[in-house]
Every structure is written in structure tokens, then in C-alpha cells.
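Position chain Z against the provided structure of chain W, taking the given hints into account.
Here are the chains, one letter per residue:
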Amino acid sequence: MSSDNSHLRTLEAESIYILREVAAEFARPALLYSIGKDSSVLLRLAQKAFHPARPPFPLLHVDTTFKFREMIEFRDRTAREAGLELIVHTHSAAAEGANPFKLGTQKCCQLLKTGALLEAIARYGIDAAIGGARREEEKSRAKERVYSFRDAYGQWDPKDQRPELWNLYNGRIDKGESIRAFPLSNWTELDVWEYIAQEQIPVVPLYFAKPRRMLLRGELLIPLDYDVPPAPGDRIETVLCRMRSLGCTYCTGAIRSDADTLPKIIEELRGFRRSERENRVIDHDQEGSMELKKREGYF
Amino acid sequence: MKDLLRFTTAGSVDDGKSTLIGRLLHDTRGVYEDQLESVRKASRDSNAQGFDLALITDGLRAEREQAITIDVAYRYFQTPRRKFIIADTPGHEQYTRNMATGASTASLAVILLDARHGVLEQSRRHAYIAALLGIRKLAVAVNKMDLVDFRQDVFERIRDEFGAVAAKLEVEAPFFVPVSARDGDNVARRGARTPWYEGPSLLEYLETVEVETAGSAGPLRFPVQLAIRPHLDFRGYAGQVVSGRLHVGDGVLALPSGLETRVAALEGLEVCPTVSLADQIDISRGDMLVDPAAPPSVGREFAATLIWMAAEPLRAESAYLLKHTTRQVCADVRSVRRVMDMRTLDFGPAAELKLNDIAEVEIETHHPIFFDPYKENRATGSFILIDMISNRTVAAGMILGPDTREGPDTRVPRRAFCAARTLVSVPEFSPESLPAPHRGLTVWFTGLSASGKTTLCRAVHERLAARGCRLELLDGDTVRKHLSKGLGFSREDRDENIRRIGFVAGLLTRNGVIALAAAISPYRAVRDEVRASIGDFVEVYVNAPLEVCESRDPKGLYRKARAGQLPAFTGIDDPYEPPLHPEVECRTDRETLEECIAKVLAAINRALER
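Top line first, the protein sequences correspond to chains W and Z. In case it helps, my numbering puts the first sequence at residues 491 to 789. In case it helps, my numbering puts the second sequence at residues 16 to 625.
This is chain W alone, in the form it adopts within the complex (with noise of 0.2 angstroms):
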């Protein structure tokens, strides 16, 4: 099925292309690691890139201390098998007691991953960081260049983009400035899992259905890893189901699925009417929300 899909392999190589580019141009790349299907994706696209070398740059995990379990895991296998550096940085406003329950979840978010990469990004000297980020997936995203420039501020100005043509990236900065560069652009949710069931790519189990203790709160699946405070009307109930898009525990919702290998995930989404971040709850804080989070500096 999936071996005869020349769009795969066109993207693979535009991907590829990109991932060596920013090897080439900057002194210190990150790649930003989030565990997640799409970060898996970028690894393994990374490993073919620069084989038989290892991929030139460390891992880099925003960690808000708000993740699944097995994510964690997953995260440090990962990283010893590929044999990368892993750099794994928390807000320190995390330790402080930090969390969506208290601050909400626009200012959780603000704080714990944006605010976390932007320290990260300073306090590494990191001025390419290599994100896993599509265009398909929101649509303030669906304007994102490539090489995406950041002021020092790590912010993102919409309407003053570098023109992008060809495959001709502009990479140039001044000190302090940064670039974030999107290799996975022209992926849709449909290719990536297509290419992890070609190239049989190890991804969380999270994705997988299965019957799992979950808070039900209206339409919403709300997993247990952490103490939510309660509201009326929640109920407990044990649900088959599965992570379509992995986040902090809290902002993550699961959807009733019973897709519990990558043919039957495919073929769920191809008969997908709804789209794979609507159970993430930050997009949705307000009309345009993650524009203004990429604006201050959100990937």
C-alpha cells in the first residue's frame, strides 16, 4: 500500500534537504524534540540525512512536567538509542508549583513551553531550532516559512515574513536573533502516519487504542496522570480510546477510537471529518489563540 506513494517520497526528500541545510548554515541547531508522531517522524528523517554520521545536533525536550508518563520514558529511550545528546529543560516556574489549574491554560502554556523554549534557546545559545510543526495542522501555521525568523525577543511578526521561493532559505541573522525551521512543512496528519507505517517507526503507545480510566467531562477525554481538580457533572469511566495528538496531560484530550494498529489509524483518518488538534484545549483559549501564542514565541 504505502510503498508506491511518490508523494512520500517527494516529501522525504524536501525534508531531508531542509534538515542539512540548517546542519550546514548554523553554528548550534536543536532539534526540538516533543515525542510526539511528528517528532519521531523528524528524528528518523534526521538519521537518514546525515547517515552514515549521526544527525550534527543535540535533542532538545521542553519538558512542563505536565507529560504523560510513558512519554518520558519513550523520550529517553529514544534518545540513547540514537545515541544523541538529549538536553531536557523545565521552567523554573514549573518547581514553583506552576500548573493549568491554577494559571489557566493560556498563561500555563505562556509560561511552560513557550517561556521554556525561549529560556532554553538562550541559555544553550541555540540559534536554529528545528521543529516538527506542519502547516496543515492550524491555519495561522499555514503562512509559516520554512526558516521562520524570530527577533531577539524570540517573536514572530506575521505580516513582515521573509519572502520564501524556490528552495532558496534565508538564513541570515544577527546575534541574539534566531531561526526556527520547519522540515515537516508540507506533511499533512495522513502522510506522516503513512510514513511511520512505512518506515515502521517506533511512536508512543499512547496512540494505540485501548480501554483506559479517563475523566469525562462533557465531550472531553481528560487521562488521569495528574491530580485534576474536579468539576460537576466529571465522571471516571474506563473508555477505548487513543492520544491523537500528544501534549501536556491536561490540554490533551483522547478521542473514543478503536484503532489500536497503524492500518486501522489510517484508516481512521481517511474517513476523519475532525481535525487533529481540535482536542488540544489551548487552540480554542480564543478566536486566533495559537497565532498570538506563536507571535510571542510558541512554535
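In short, the hints are calculated from the structure, not lab data. Predicted model, so just to flag it, every value in this text is computed and none were measured. One or more of the hints may lead you astray.
The calculated lysine-lysine pairs, modelled on DSS-like cross-linking and capped at a C-alpha distance of 25 angstroms, are [as the list claims (entries may be wrong)]:
#, chain 1, residue 1, chain 2, residue 2
1, Z, K570, Z, K500
2, W, K649, Z, K369
3, Z, K390, Z, K500
4, Z, K496, W, K538
5, W, K700, W, K754
6, Z, K17, W, K754
7, Z, K183, Z, K390
8, Z, K570, Z, K496
9, Z, K575, Z, K496
Structure of chain Z alone, referenced to chain W:
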């Protein structure tokens, strides 16, 4: 077999382009229900009537507030046959820059016309820009057919009118389809309201149109991205095969060195492999492996079509960074020949170059690049210009060719263009051609201060070192701090200095070392004396006119000499006697460093084989 089609869209304001894309996405289920809900919510908030499909595509807050698309947005959808990437570009006044951006990666353009208005000035510009960026296939959607009662004569009149426009451009005969993006007629499915139309729907056309597979046509071009060296036993070059093919055993020509070798091994993907070569030649990022039988042009001067993309106009006096394939060099826009009048689509005389201008220019780079005309090869014919202060991308360029003699050209004739063939004719210098162990040799670089002796000498040293030669470098400035410490600049002292360098070089030469000496050595007599005593001697005259050297003046010596602080300075108040029969003469004011290196290496090769 599912493949990939990248297309761009163009239409004037209110032609309904965003609606058409929204319709395509909607009918191919390329937009999800929750995203539609968010659009429905936003439709109620904005001034639009009811449910607005355009809001699916107009992503950013700023443009939704202004109800216009401000930049290029990329959209994705797929059918069982094909995956599609749409570069959606706005139709308002700033369209040139954005449409060029969208068209640069597309192999097809969908052009929208409003059935009520027919072919507008802007429609002609859209077709022109698409053709300029190398798009050969146009699909013309005559939209809003519902507002003209789906009349066949309206459609046919517009088809004939646009067909006449397209006939003047380098594009294939366009595909025409009557549509109503709002209602969906002939977009994804054929509509019942155009019984007289027998062709496919727009989507059926897009699904089945033949698109050239990038990379296969034309002779081999492989720009090197980076060297891959995991351990001492492996050295590979990673890059993209932008045209032609690479196989193990193929002969390849490396540029800029001009050396030929063979492909020893290939790792990774066919289109972006890591290449190992049969010979250890020095290759780095920005170099290119090419078909030896059909090399690209190699040079520093070419004509190009330039699209100016920055708010600040072209500054004639300043250099820009030019990024071409994986190579980045400094470049001057030497002259603006003519600028396109976007109203008439005719070229006219040029005063300046401003935002959204399209012009024919002449460019001179500070180092050679390896290029083909854009018409023949989009990858090796395209470049961008970057402002060195602001770091912004200010222009996109498409190379016309090395021939700069077309058009009203009044400039002073410059150095003839250097084609790759002349580089190929430089005798090969590969490890096999070196006797092992090779004999000794003295290579003597003489010339004025700041003529480029040390630079050239070090570069030659680097190349020889990469081939495993036994080497020593004797630089005049360094020698004066040790071997010749205490000597002054009188004629006697200068001669003594040269004799000492010559003595050491002679010892080295006798012991099988290639001695590279760089010293002004202004007097002919003592140079000839050293030559006679050593025997195996190659004299390199590093020649640049005094005024050029004086303008370079990296150490400020000429300034001091002119101020009278350095008496008996060569070229100012002490003579330089040029060699009468040097083995090599390099004009560093007119030749590139690479050209000079190639000449010196060729002479060394000849001397070693004597």
C-alpha cells in the same frame, strides 16, 4: 501510485479565489468539521453574509479584519489519485512579490477570471508572472458563471480572449473550465447547469494532468550541501540531484576545481544521496558535481530577470549577498537594463528598482557561480539577493544566461566570460598524476605588496596539502621576523633576505619538498640568481596594477609610504622589476582566486612531470 502536484492560484480581488480554494478543500474533505465550525463562528462575527468559504483560507487575524489575504498561505488536500499543495497568493496590488513566491515552487497555476468582467489587466499580469517563474501549465477557471446565467457565449468569449494572451507567453495551451465556486459547479464535480460544457471538472483536470517529475530532465547537477565524515574511513558529500541522474561508476566533474573523478558509492535516497568519490579531491559546501559532457556556465557575470521584493529600492553602490543553490557569494547589480511596465507588459528604460518591479539586470559576483539559464533548469538558474545589513531577502532572480550583449548595452567591454570548458582544459591534477614520492620544487610568488601573493600561496598550499604533498611555506613577512631578523629595506638587505629564503627553499627542494615562497622580491637579478641555484623552480608573477594594490592596502602600508613614513617602499619610491618569463602570471584584479589556483596547480603539475 499517488503523486504530488504543487499549484498556485491567482485572481484579482473579488474574483472569488479564496472561495474557490475553500470549495476545493470542502468538497475533497480537506477541511475538518471543527475548523468549519470555527469558520461559521467567525462568519457571524465579520461582515460577511452567512457562511463564507473564503474564511477557510484567510488564516491570519490581520487579514481577516481587513478581509484580504496578505501573504502566501499553503493548503493541502488529497484525493485517492494525488496529494495537492496549493500556494494561495493574494490578488491585491502587492501581488507581484507574493505571486512570484507562490509560483516558484509550483508546476501549474490556476487563474481565476470573473465571468462578468472577463480578462482584466491583472489577469494578463498573473499569466505573465506564472510564465516568468517557469510555469508551463495554466488552468483558467471562469468563475461566477451563476451570475451570467451559465451562458456559453460568455465563457467562449473569455476563453478566446485569454487564449490570445497566453499564446504570446511561453506556456502550453491553457485548460478552460466554467465554474461557480460558491455553488460548486464544475469545481470538484461536473454541474448540471452547464450542459454545453463537455470537459472535466477543475478537480478532475488537476488529478489527471501530466506534470513533469522534477529532477530527471537535463544533465547532472548536484550542488553539495555538506561533507559527511563520521570516521576517517568515510568521506561523503550530501546534496540534492537537482537534474540528471547519479550512478556508481559515473564520471563527474567537480566545480570549481575542474577535476574529474568517478562516483565510488552512493548512500541514501536516489534524489538526495551521499556521494563518495573515487579520488580524494577537496570538495565543500557550495561546490557542484556535474556532467563532464555538459557542464554549466562557470563565471561571475550574467544577465538575469530580477523581481524586487523590498520596500527600500535597489542601492547601486552596495553589494548584496547572492544565494544560488548551496553557494553564497557577494554580488553587485552592475546595471539595470530595463524595467517591465506592469500595465502594458512591455519593457521600458530603467530609472530605479522599487518594490514589485520586474527588471532585466546585469550581475557580477565576487566569486564564480555555476549556473544554467532558468528556462533550462529552475534549480541552477534561480537565486535570491539578501541585504547584508538588514538580513532581509530583497530580490529573487532568474538567470537569463552569460551572454550580456543583448539589449541596449553601453558599458565598457569587460573580461570575456569564462565557460566551464576552459576550466576542464586545465590539465588534471589528481593524486595518481603525482609521482609518489614526488620530487622537490620551489614555487616562488613575486609581486607588489597587497597583490595577493600570500592569499594565493596559502590557497595553493591548502590544495596540495589535501593531496598529501610534502610542503613548506616560506612567507616573506614571517621570514623577516626570524631568518632575516635585523635586515632592513636597503637594496643590499633586500637581496640578502631573498638569498636566505632561496637558500632554505633550495635545501627543501633537494629533499623532495615543495617549497612555497611568497615575497615581494622586487629585483629581477637576485630572483634569477635564486632560480639558477635551485633549478627546479616555478616563478609565479602575482600581478595587479599599483593603483589596485594601493586601494586594497590591508595593512595601511601604502598610506604610510605616501605619508613618507616608510621610505624605499616598493612601487612608491623604490622600483619593482616584473619577471620577463614567469612560468605563471596571475592578474588578481581580473581573475578569480579559483582561476589563479588552477593555473598555478597546472604549472606545478608540469614541473613535477618534467
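Now for the hints, and whether the structure bears them out:
A distance of roughly 20 angstroms separates the Cα atoms of K570 (chain Z) and K500 (chain Z); the hinted pair therefore holds under the 25 angstroms criterion. Distance hint between K649 (chain W) and K369 (chain Z) is fulfilled; the C-alpha atoms sit about 19 angstroms from each other, no more than 25 angstroms. Distance restraint check for K390 (chain Z) and K500 (chain Z): the Cα-Cα separation of roughly 60 angstroms exceeds the 25 angstroms cut-off, and the hinted pair is therefore not satisfied. Taking the CA atoms of K496 (chain Z) and K538 (chain W), the gap is about 51 angstroms. The hint is violated against a cut of 25 angstroms.
Restraint check for K700 (chain W) and K754 (chain W): satisfied, since their Cα atoms lie roughly 13 angstroms apart, inside the 25 angstroms limit. Among the hinted pairs, K17 (chain Z) with K754 (chain W) is consistent with the structure: their alpha-carbon atoms are about 20 angstroms apart, no more than 25 angstroms. Restraint check: the Cα-Cα separation between K183 (chain Z) and K390 (chain Z) comes to about 16 angstroms, which is no more than 25 angstroms; the hinted pair holds. With a CA separation close to 16 angstroms, the supplied pair K570 (chain Z) and K496 (chain Z) stays within the 25 angstroms bound.
As the CA atoms of K575 (chain Z) and K496 (chain Z) are separated by approximately 20 angstroms, the hinted pair is consistent with the 25 angstroms bound.
Taken one by one, the earlier hints fail for this structure at numbers 3 and 4, listed in ascending order.
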